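Turn these sequences into a full structure, and let the hints steer you where they fit.
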Amino acid sequence: MSASPDNDRFALLASIDEVTDGTVLLGGTVARLLEYVVPAFADVATVDTISHEGVFRRIGSRVEGPGREELERGLLRRRPVPEAPLGLPAALASGKSQLIERITDEDLRAIAADEADFELLRALELRSMVDVPLLARGRIVGALACGVGTSGRDYGPEDLRFAEVLSGRLALALDNAGLSAAVSGLEQRLEATLTNLAEAVIVRDANARIVFANPAAARLLGLVSTEEITVAAPGSLMALYDVFDEQGRRLELADLPSAIVARGEEAGPMLVRNVIRATGEQRWLLHKATPVFDPGGALTMVVSVIEDLTEVKRAELAQRLLAEAGQILSSSLDYHQSLQRVAELTVSGLADRCQVLLRGDDDGLEEVAVAHAGGEAPTETDDLGVAAEAVELAEAHLAGRVIAVPLALAGQPPIGALFLAMAQSGRMFDESDLVLARELGQRAAIAVENARLYTERSQIASTLQRSLLPPELPAIPGFELAGFYQAAGEQNEVGGDFYDVFEVRGGWMVLVGDVAGRGAAAAALTSLSRYTLRTAGKLLGDPVAALEQLNAALREGPGLSLVSVCCALLRDVDGDARAELVLAGHPPAFHLRGGRPEPAGVFAPFLGAYERGEWTPVTVHLEPADQLVLYTDGVIDTVGEDERFGEDRLLATLQGASCAADSVARVEAAVRGFAHGPQADDIAVIAVGRLLGAGRVDREPEG
Amino acid sequence: MRRAGQLSLELRRIGDASVVSARGDIDLSTVEKAGAAMDEAREEQRGGGGLFLDLREVRFMDTSGLRLVIAERQRADAEGYRFAVFPGSPKVQRLFEIAGLAGDAQLFADPATVLGVGEAG
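Each protein sequence line maps, in turn, to chains W and H.
Residues in the first sequence are numbered consecutively from 1334, following our numbering.
Residues in the second sequence are numbered consecutively from 42, following our numbering.
No lab work stands behind these hints: they were computed from the structure.
All values derive from a computational prediction rather than experimental measurement.
Idealized CB from N, CA, C, for every residue including glycine.
Do not take every clue at face value.
[What the hints assert, rightly or not] Covered stretches of chain W, as calculated for chain H (at least 3 residues, CB under 8 Å):
#, stretch
1, 1369-1380
2, 1931-1940
[As the list claims (entries may be wrong)] Straight-line distance between alpha carbons at most 25 Å, and here's what the computed SDA-like set of lysine to any residue pairs gives:
#, chain 1, residue 1, chain 2, residue 2
3, H, LYS74, W, GLU1976
4, H, LYS132, W, LEU1786
5, W, LYS1646, W, ARG1776
6, W, LYS1621, W, GLU1657
7, H, LYS132, W, GLY2006
8, H, LYS132, W, GLY1979
9, H, LYS132, W, LYS1646
10, W, LYS1646, W, LEU1786
11, H, LYS74, W, VAL1534
12, H, LYS74, H, ARG100
13, H, LYS74, H, ARG123
14, H, LYS74, W, LEU1786
15, H, LYS132, W, ASP1975
Okay, structure coming up:
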């Protein structure tokens, strides 16, 4: 070895200084040190440490030449025999360097623990060796053993001195590392903790090289092992993902907190949507980064902690999406507009493309709403076949980048489909997306049905409100007419009450009626009833005949349709005004004379109940100032705080009414004052009062 | 919703007959529920053993309740089973009167006859 030029050895020492300068973990330092020692100075080398407690640890071995890996493993397991009088045991025992210039088999036997150990030592083909204790602050902290043989070199006293210099540096490095022995233990504990942490932890050095990653990090990033992370070149991992912020903007590595703090800037936690390009798997990750500085204030590493908020975010997103969709869908009855807004909402979080398709008149699916993430137009034609199939089978469909759910109310055939697709984001749908899509679909279906129902109702309502009720009561010569009508509940819920006043041959017909039931069907019946009575009344001029006509019409229809009617034909026979009053399933009318009400009418079956019925007219003579008050059961059925309004209360209300207008005003006020809660049924009241000094009623109206 | 319009229904089998006992209000808001109970009771009565609607505890009934009764009555005639009601309060009976049904002896049954004297009270 004396042939080695000094400057080579100087370079070797410089390299070792460089290695030992770093604050890398001890094991790594020793391994790199040995790389410099072997083969530059030795063919075989080992490094040992001895702790304060005297525990011997071999922390590194390196062998040059054939079969080196097996030999290195063997050496690493090897323990020196304490009582051996030479070599490493002697160096450790005496604290003095040992040089064996020419090794014999006897030397080896003295050192070897047993036959196998001897064979191992022989296999090293050692010619010379030096064993140098590592001394630091007066204590033996370890030993360096070097041997030559396979390279044909020998050691001499000069080499021993060099080994001592080398060991001095090594001792220093070990002591430095050993100084942080407590720290090292802490690091080990820390590493164990980090390994078991649910949060992903990634540590980068000042050059952005990843020096540590725990298994959670590997899982989160869709990698098999932590090695995949630590071997990656700085920044190369980023190519595996598409990363977006909460607003959907694409992020680069430089935008992430770890890079921001590495630049010396401050960075708060950042929530990102991470899509693994290869699989389309999407995760919501909260990135937090903390810089670590050395005492001089220079950045040594950046610790990133990444929390998986996918479930939380998904739940939050689902909740928000459903809440907002629900609000949109319930706030407007223009379902085309609502569905469009829901589609736009959906592409902001759940999918890249959202289409809502509704069954048209020809049973085919028509697109009524469509939205694309980022407002981009579709770049490909969709496989809407799955949407059609979802509708056909009434089953939801999930396949990778496509979800189709039928829009249906429970137990009813689908009215359309919600179609979701992923495109540019590269994401894949999973079961939880399907659950969310189903929920959305159900809300959309309800909204569409409601809107359709409402449209149907409100159309009927407005039609009926125009057609069912005379815009104003006509003037009947010799009589005063007053009326009050109030539809129940919501404006669009046309109920079953109707009233009419029209002229017939020889008189006027005044009637109120009520159709059992509510809603569109009842409204249609109301219309039928009113027009049948009007037509039949005008043609036949006889209330009973008119009722029979309506009864026949109702019997023709499907199901049981019941209508109650109170009908009065006002006539003047030789100056004697009278009303021919007929009831059909209707409570009695009131005849007021001198302000005293008396019930009038003969009870008879509902119209529509039976094929034939007997409706008996009664004649009520109307003297001047007499009144006839007709009303529907909405008046007497009005819900009060404790009971219903009732016939008796109506009778009391009318007591002392001076004229038709007074009667109607009294009933209106009494019902309003009595009612508790929303009005349940329509209310119609018509009062006909004979004017004082009135003439004949069968004259043509004036004007 | 409305304060009134509460209805509870009880279904009983008495021999081959089914009895639906109503308590509360039979009106527009509850008639559907009453109809469903009647459907169920109709299935349960055997061999024309009879279907009875007990109105004794009914506080209020409007024309929608009456419509239910009339429809059931017609169905019973067509399908050959007996249907009758146990008369209710004067207010409820007033409704039958208004509908011209007060004289229909077949429509009303004496609860004592159907339930047995002990149970009828």
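We went through each hint and held it up to the structure:
no.	hint	result
1	1369-1380	violated (count 0)
2	1931-1940	holds (count 4)
3	H/LYS74 x W/GLU1976	21 Å, holds
4	H/LYS132 x W/LEU1786	36 Å, violated
5	W/LYS1646 x W/ARG1776	21 Å, holds
6	W/LYS1621 x W/GLU1657	30 Å, violated
7	H/LYS132 x W/GLY2006	22 Å, holds
8	H/LYS132 x W/GLY1979	9 Å, holds
9	H/LYS132 x W/LYS1646	60 Å, violated
10	W/LYS1646 x W/LEU1786	36 Å, violated
11	H/LYS74 x W/VAL1534	61 Å, violated
12	H/LYS74 x H/ARG100	16 Å, holds
13	H/LYS74 x H/ARG123	21 Å, holds
14	H/LYS74 x W/LEU1786	22 Å, holds
15	H/LYS132 x W/ASP1975	15 Å, holds
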